[in-house]
Each structure stands twice: as C-alpha cells, then as structure tokens.
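Asker: With chain A's structure known, arrange chain B on it following the hints.
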Amino acid sequence: MSVGTASYLARRAAQKERVRILYRRALKDTLNWAVHRHLFYSDADALREKFEANKQVADVDVIDRMIDAGETTYNKWRHPDPYIVPWAPGGTKFCRNPTPPPGIEIIYNFGREDND
Amino acid sequence: MASALRSAVLRRIQVPIARSTVINGSQMTAVRSMSSHGDDHLDKQEVVDRVLEVIKCFPKVDPSKVNPDVHFQKDLGLDSLDTVEIVMALEEEFKLEIPDKEADKIDSCPLAIEYIFNHPMSS
Chain A
1 MSVGTASYLA
11 RRAAQKERVR
21 ILYRRALKDT
31 LNWAVHRHLF
41 YSDADALREK
51 FEANKQVADV
61 DVIDRMIDAG
71 ETTYNKWRHP
81 DPYIVPWAPG
91 GTKFCRNPTP
101 PPGIEIIYNF
111 GREDND
Chain B
1 MASALRSAVL
11 RRIQVPIARS
21 TVINGSQMTA
31 VRSMSSHGDD
41 HLDKQEVVDR
51 VLEVIKCFPK
61 VDPSKVNPDV
71 HFQKDLGLDS
81 LDTVEIVMAL
91 EEEFKLEIPD
101 KEADKIDSCP
111 LAIEYIFNHP
121 MSS
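Line order of the protein sequences matches chains A and B.
Just so you know, we're using the UniProt record's numbering here: the first sequence kicks off at 1 and counts up by one.
Just so you know, we're using the UniProt record's numbering here: the second sequence kicks off at 1 and counts up by one.
Chain A on its own, in the form it takes in the complex (with noise of 0.2 Å):
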C-alpha cells in the first residue's frame, strides 16, 4: 500500500469518528431539546435524514467542509441546560455523600482512639 493510499484511508477514519460523535451528540441534544418523548422521535428521524442525505458523498475535502458546518450548527444550537445522569459530573447528585443511616454514632477523639 503506497502512502498517500495510507494517508487517504487514516483521513477517512478520523472524518467517519467525526461523524458518528457528531451524530450522536447532535442526537443527545435533540433529546434535550424535546419536551416529550414521542416529539423527540419526529426530531430524531428529521436529523439522522440530515446524514443521510451526505451519505454518497465522495470528495474528502468537501466531506471535511461539511462536517465542520454540521460541528458549527451543533454548537450554535446547543441546549443551554443539558440532560445529565445524576452521579455524572454536573449532575444534581455529583460529589454528593448520602447521609449515614440512624445508629451510627461518630466519635470525634482526633486520632487517639487507638492510645488511650
């Protein structure tokens, strides 16, 4: 295999990573922005027919143009208050420690439970 072969195919592969977390970040914010379920489904087939629509596309550089109108898109429509799993950083219940059950008593000695 010759290098610009080598160069053409690693070129490929970062633009379909691009693409696939692209779409998938685009379609977590479709979620987002979905105040019901059953809209979110209308949206979600209205976005992938987006992709899907570039799919024959051919030129590599043309591809790189229009994955960074798409990145461009994503960001200026971005959720301002996004979704996220409680225990995951910035969700409600990050860094939080629930509270000890009744029962358990907590001795303050400073370290010198085990000297005298």
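Source of the hints: derived by calculation from the structure; they are not laboratory data.
For clarity, every value in this text was computed on a predicted model and none was experimentally measured.
Hints may be right or wrong, so weigh each one.
[As the list claims (entries may be wrong)] Residues from chain A that keep clear of chain B, each with C-beta distances beyond 12 Å, as calculated: (1) Thr-5; (2) Ala-6; (3) Leu-9; (4) His-36; (5) His-38; (6) Leu-39; (7) Val-57; (8) Asp-68; (9) Thr-72; (10) Lys-76; (11) Pro-86.
[Unchecked claim] Calculated lysine-lysine pairs in the DSSO-like style (CA-CA distance at most 30 Å, straight line): (12) B:Lys-74 to A:Lys-55; (13) B:Lys-60 to B:Lys-101; (14) B:Lys-44 to A:Lys-50.
Even for Gly, the Cβ is constructed at its ideal location relative to N, Cα and C.
Answerer: Quick look at chain B alone, frame taken from chain A:
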C-alpha cells in the same frame, strides 16, 4: 537488567488475600448499602438479557439474529449511525453516561455487555 530482576522477583511474590474484615473486634457480616442508587451490582446474566432486549427492540434489527456474540455492523447489517443509536438506547436503559470516545468504540454485543457489566453505576 533491573527490570528483568524486578519482574522475576514480582513473579515469585504472592500476597494472600484477606478473607474477612475485622473492625472493632467484631466481624463484618453484612455490607451496608451507603447510597440511594444501591450498591448491589447487576449480575452478568441480567446485563446480557437486558442488552439483548434493547437490541431486539431496535426497528432495523431482525430479532431472531440477535445473540450475545453478535457484531452490530457485520452480523446485523446496521450502519455506523445505527450503532450510535443502539449505544444511546443502552445508555438510557442502564442510566449511564458513556463518554463520546468510549461510546464510539462499542460496536458489538460482547463489548457492550463487558462495558456495562464493569461500569460501577449501571443500574
């Protein structure tokens, strides 16, 4: 030389695993759940069943072809965007949040089962 010696020594050393925890002279018998999400971990069979259930419910998948060793694109005839959708459905099923780069690597059933089973927060 030093690394060879070190690996040779490390191969000989064995540390016995303590079988019980002794606190204040009394043996801990039960592990107390300390948080509301529950410390009970999913067992493997439950993870496998629920993952397969999610994949079978995906509209473009033929349910009869789904088994725990299936690859989404090679065996089920899906494309990469369908894989993204399946991984997102799995995230919702197990209440997970998988980072984008890691979610991108999940492209087959065994990988998904392994990732979800090893995730401490899956429920």
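Asker: Against each hint, give a clear statement of whether it holds in the structure.
Answerer: Going through the hints against the structure:
Chain B leaves A:Thr-5 outside its interface by the beta-carbon criterion, the shortest separation being 21 Å against a cut-off of 12 Å. At the 12 Å boundary, the C-beta of A:Ala-6 stays outside the reach of chain B, the nearest C-beta of that chain being 21 Å off. No beta-carbon of chain B comes within 12 Å of the beta-carbon of A:Leu-9; the shortest separation is about 16 Å. Against chain B, the non-interface label of A:His-36 holds: every CB pair exceeds 12 Å, the least being about 15 Å.
Distance check for A:His-38 against chain B: the nearest CB is about 15 Å away, which clears 12 Å, and the non-interface claim stands. No beta-carbon of chain B is positioned within 12 Å of the beta-carbon of A:Leu-39; the least distance is around 16 Å. Listed as outside the interface, A:Val-57 is consistent with that label: its C-beta sits roughly 15 Å from the nearest C-beta of chain B, beyond the 12 Å cut-off. The claim that A:Asp-68 lies off the interface holds: its Cβ sits roughly 18 Å from the closest Cβ of chain B, which is beyond the 12 Å cut-off.
For A:Thr-72, the condition that its CB be more than 12 Å from all CB atoms of chain B holds, with the nearest at approximately 18 Å. Look at A:Lys-76: its CB is around 19 Å from the nearest CB on chain B, clear of 12 Å, so calling it non-interface holds up. Residue-level check failed: A:Pro-86 sits 8 Å from the nearest beta carbon of chain B, not beyond 12 Å. Distance restraint check for B:Lys-74 and A:Lys-55: the Cα-Cα separation of roughly 19 Å lies within the 30 Å cut-off, and the hinted pair is therefore satisfied.
In summary, the hint linking B:Lys-60 to B:Lys-101 is supported, as the alpha carbons are separated by about 24 Å, within the 30 Å threshold. Simply put, B:Lys-44 and A:Lys-50 have alpha-carbon atoms about 38 Å apart, too far for the 30 Å limit, and the pair is violated.
Against the hints set out earlier in the document, violations occur for numbers 11 and 14.
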